[in-house]
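> Each chain, letter by letter, is given below.
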Amino acid sequence: MTDVVIKVDRLCVRYGANEVLNGVSFEVERGSVYALLGRNGAGKSSLMRCLLGLQKPWSGNVQLFSEDVWGHRARLLDRTGYVPETMDAPPHLRVGDVEAFHGAMYSKWNGSMVKTRLDRARISRSANLSTLSKGQRALFSLALALGSQPELLVLDDPTLGLDVVARNEFFADFIGDLADRNTTVVLTTHDLAGVEGIADHVGILRGTQLVVNDETEKLKVERGGSLEQIFTEATHGGELGL
Amino acid sequence: MNKAWAVALLDLKRMGRTMIVAAVVAGLLPTLVSGFGTGISGMLLFDTNALLGLLMVVVGVAAGLTFGGDFTAGRASFVFARPLSITTLFAGRLLAMIGLAVGTGGIFLLTRQIFGSPEQAGFFLMSHDRTLQLLLMSWSVALFLGLAVSPKRESAAQSHGPRSWVITSLRTMVTLAAFIYGFGYFADFAARTRSSTSLPVRWFFEGWIFACFVASVLGISMGRADFTALRRARSRTMAVALGLCCVIVFGARVYALNIRPTDVDKYYFVNGSRDGQSAYVFSYTDRRGRLTLGQQFALDISSGAARSLNNDPGQGPWQSADGKTIAWSEATPFFIRPLWRSLTGHSNLRAQTENGRIATVSLPRAMPNTFSASEGIFGPISRVVPANDGDLFAIHWETHVTFVSLTRGEISDGDLRRNTVGNAGSAFAPSGAYRVITIGERSGTSPRLNISDIDPASGKVTNLGDIDGTWARMDDRGERAMITSHMTGTGSDLSVVRVAAEGARLEETTLDVQGRTSTGMFLSDGRIATFNASEKVVHLFSAEGRPLMDIPVLAGDAKRLGSEMFPGILAVGLMNNGAPDVALYDTHSGAMVRRLSRVSPFPEFYSHSPAGTPGSRLLRGDDGKLYVLPSLTEQPKQIIAH
Numbered sequence: 024m025t026d027v028v029i030k031v032d033r034l035c036v037r038y039g040a041n042e043v044l045n046g047v048s049f050e051v052e053r054g055s056v057y058a059l060l061g062r063n064g065a066g067k068s069s070l071m072r073c074l075l076g077l078q079k080p081w082s083g084n085v086q087l088f089s090e091d092v093w094g095h096r097a098r099l100l101d102r103t104g105y106v107p108e109t110m111d112a113p114p115h116l117r118v119g120d121v122e123a124f125h126g127a128m129y130s131k132w133n134g135s136m137v138k139t140r141l142d143r144a145r146i147s148r149s150a151n152l153s154t155l156s157k158g159q160r161a162l163f164s165l166a167l168a169l170g171s172q173p174e175l176l177v178l179d180d181p182t183l184g185l186d187v188v189a190r191n192e193f194f195a196d197f198i199g200d201l202a203d204r205n206t207t208v209v210l211t212t213h214d215l216a217g218v219e220g221i222a223d224h225v226g227i228l229r230g231t232q233l234v235v236n237d238e239t240e241k242l243k244v245e246r247g248g249s250l251e252q253i254f255t256e257a258t259h260g261g262e263l264g265l
Numbered sequence: 042m043n044k045a046w047a048v049a050l051l052d053l054k055r056m057g058r059t060m061i062v063a064a065v066v067a068g069l070l071p072t073l074v075s076g077f078g079t080g081i082s083g084m085l086l087f088d089t090n091a092l093l094g095l096l097m098v099v100v101g102v103a104a105g106l107t108f109g110g111d112f113t114a115g116r117a118s119f120v121f122a123r124p125l126s127i128t129t130l131f132a133g134r135l136l137a138m139i140g141l142a143v144g145t146g147g148i149f150l151l152t153r154q155i156f157g158s159p160e161q162a163g164f165f166l167m168s169h170d171r172t173l174q175l176l177l178m179s180w181s182v183a184l185f186l187g188l189a190v191s192p193k194r195e196s197a198a199q200s201h202g203p204r205s206w207v208i209t210s211l212r213t214m215v216t217l218a219a220f221i222y223g224f225g226y227f228a229d230f231a232a233r234t235r236s237s238t239s240l241p242v243r244w245f246f247e248g249w250i251f252a253c254f255v256a257s258v259l260g261i262s263m264g265r266a267d268f269t270a271l272r273r274a275r276s277r278t279m280a281v282a283l284g285l286c287c288v289i290v291f292g293a294r295v296y297a298l299n300i301r302p303t304d305v306d307k308y309y310f311v312n313g314s315r316d317g318q319s320a321y322v323f324s325y326t327d328r329r330g331r332l333t334l335g336q337q338f339a340l341d342i343s344s345g346a347a348r349s350l351n352n353d354p355g356q357g358p359w360q361s362a363d364g365k366t367i368a369w370s371e372a373t374p375f376f377i378r379p380l381w382r383s384l385t386g387h388s389n390l391r392a393q394t395e396n397g398r399i400a401t402v403s404l405p406r407a408m409p410n411t412f413s414a415s416e417g418i419f420g421p422i423s424r425v426v427p428a429n430d431g432d433l434f435a436i437h438w439e440t441h442v443t444f445v446s447l448t449r450g451e452i453s454d455g456d457l458r459r460n461t462v463g464n465a466g467s468a469f470a471p472s473g474a475y476r477v478i479t480i481g482e483r484s485g486t487s488p489r490l491n492i493s494d495i496d497p498a499s500g501k502v503t504n505l506g507d508i509d510g511t512w513a514r515m516d517d518r519g520e521r522a523m524i525t526s527h528m529t530g531t532g533s534d535l536s537v538v539r540v541a542a543e544g545a546r547l548e549e550t551t552l553d554v555q556g557r558t559s560t561g562m563f564l565s566d567g568r569i570a571t572f573n574a575s576e577k578v579v580h581l582f583s584a585e586g587r588p589l590m591d592i593p594v595l596a597g598d599a600k601r602l603g604s605e606m607f608p609g610i611l612a613v614g615l616m617n618n619g620a621p622d623v624a625l626y627d628t629h630s631g632a633m634v635r636r637l638s639r640v641s642p643f644p645e646f647y648s649h650s651p652a653g654t655p656g657s658r659l660l661r662g663d664d665g666k667l668y669v670l671p672s673l674t675e676q677p678k679q680i681i682a683h
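These protein sequence lines are chains A and B, in that order.
Here the numbering used here is used: the first residue of the first sequence is 24, the next is one more, and so on.
Here the numbering used here is used: the first residue of the second sequence is 42, the next is one more, and so on.
Just so you know, these hints were derived from the structure itself, not from any lab.
By construction, the Cβ of each residue, glycine as well, lies at the ideal position given by its N, Cα and C atoms.
Where hints are given, some of them may not hold.
Stated by the list, open to error - Per the computed footprint, the stretches of chain A lying under chain B, defined by three or more beta-carbons under 8 Å from a beta-carbon of chain B, are: (1) 48 to 60; (2) 67 to 76; (3) 110 to 116; (4) 245 to 254.
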């Protein structure tokens, strides 16, 4: 029997009359790296918000660790790390303040690990958040997410706006951590090349549906070509036979 | 608790510096302002408690706006994507606010103590309850408003189809109607209940602040990082609050304004009818010991039967000289009145004629259909005088007198002087002319009164003359007027002006008395009685103003002239060891003929009833109840209104 960390069942998300997701279902097993792909406005962020219990689905159900995430958000998120698309901490705070806040939030907080990562990224604890570069902010967010020693890591397009060097640095850090632990990862990104070597499962959103949901290698073998080609074909309405 | 402290600490770090600056500035403010001179030393800026209260409001607003701003700025995930419960989040935010309040309050007081002069330095007198209340109220409102700002990142565009447009329009109209109804009816309720406390107003506004708080909590709980859901939950809560408000206000209005005569606790003043058989009584009713409500009734003195007069406060009933016709301004909801009048031409002026029929009196066409601060919320009509024929009504508004007939509609309009500031008296004279005494604008030290006749048929104004004076009372036939002049703190001079006929010269006779009088009245046989409270003496004059007799009021502490209860028998109100008494004096012999304890007469200027009629013999007990004196020898009898 497989250990399912995430179970999304017939998820629908609407904003008034505007339907964003309709009947999206998928599961993510423990230790998997699931890349959720889609064009802008495909509903990736809405799905991410539902995954974290930040948003109530219109209908359907989202479970983390076999529990409804909307109803048990605070407890389930103690086992979940989150890296937002852009830093969501209030501005004009110091790095140390935000780190201390996170330290108080999580039961398995590992301060020394965060310190090591911050030192490696040359981020001073006394630095103001507004003075950090985009790359440093992304690495800081990742350090905070990993500091909670999560069983599940959710990354919402974490490399958006980063240059190649910063992006490589981010993924190197990320991969390093994955190698250390059996962490389940769900990430959305537009950086297909960056995740190609990381993600073992891929989901592609088009319209309001999840049109692709399979193992990365299997997709590559069956359809041929790179992840980018598969993505292009799927998001432009090509028939994948899936 | 650890998590709540972490949330609080973060807020303290975000706002602490700004609040410290605000506290120091507030503490230094009186010292800085005092440099501008002593003229503003009495200003609020010098009051420690006022400044502290203001600072608490600033803290509450800053904390609320910061909290709300996190959602509109798209930072909700910072807390909701972490293992932090909503309860802990609110607890942390409130802890931060209290911490900021304590810190800023302390710094403010310290700054005042160090830099303020000794007389400026105050003490922390605000109660903790009040401080917490101010903080929570300002925080709730600021959080609600903070969440009302459009977010930087909307989750999705709203649909704009025709159906959506219709639904949005309908929703807006219903909301607007409910809003006008709820708030308008409350304003109407507050104005009409004449509440003795500000409790209803406080309840109303605190209720709305509580609704803001609940809406924000529900919005944040239901929406979390989804601003569309947050806004929806917030809007629905406020819609429910608005609906509740409408129901409660309607219920309160029905409860408060439907006072039965048996509910009345105390009578405040009584206006005897011209025929002397009934009285228009203004009563107080205490609802549950916290809310005192006023209500006016038409009371039949012999039977006690009372009918509620649904009139605007202070707007009637106005009686004709023979008492057979009365007019009043019907208490329709005043907030909708101008609109309703514009749409339908509806008049809320009513008249009851001799046969008991209630008719609607048209409003003057030229009268503005708006509220103004000077005219009050119930409109510009200051007085209505019905003629004895039961058909003609003189309606005073601004400087105009408009004559309106029940059968013929508006007849004419007379515009009095532009410099008129008020009416002192008016009556339909036997000649058919409408005689008016107006108060002129005070220029220099010599206040003037003007007497004019207006022809109801044409509206033509004939000036009869000006006299020195500040106030006047005209008799029912418009032939004599008692003029009050040179009013001072201790009393005034009285004179009598006789207007023999239209166009005749005014004959003024000063009533010659030692010292200054407090008040005066015309007796039923034409004589004049004046009263000097400080000298404790009643002066009697002939109809022409010739001194006749002085009656010393020896019993008790004389307070006021009452009515002429029986022909030639005058009531004087007294205070005896803190209790009200009445002494009745024979105005022919000067002898005291009766003394009544624990009752007081109504002031003579309220009485319109002829001497000897039941309406002239009304008394108010020290228990606030209404009594009538059946005869000179019997005990006062309580009137049980039903």
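> State for each hint whether it applies.
Structure-based check of all given hints:
no., hint, result
1, 48 to 60, "violated (count 0)"
2, 67 to 76, "holds (count 4)"
3, 110 to 116, "holds (count 5)"
4, 245 to 254, "violated (count 0)"
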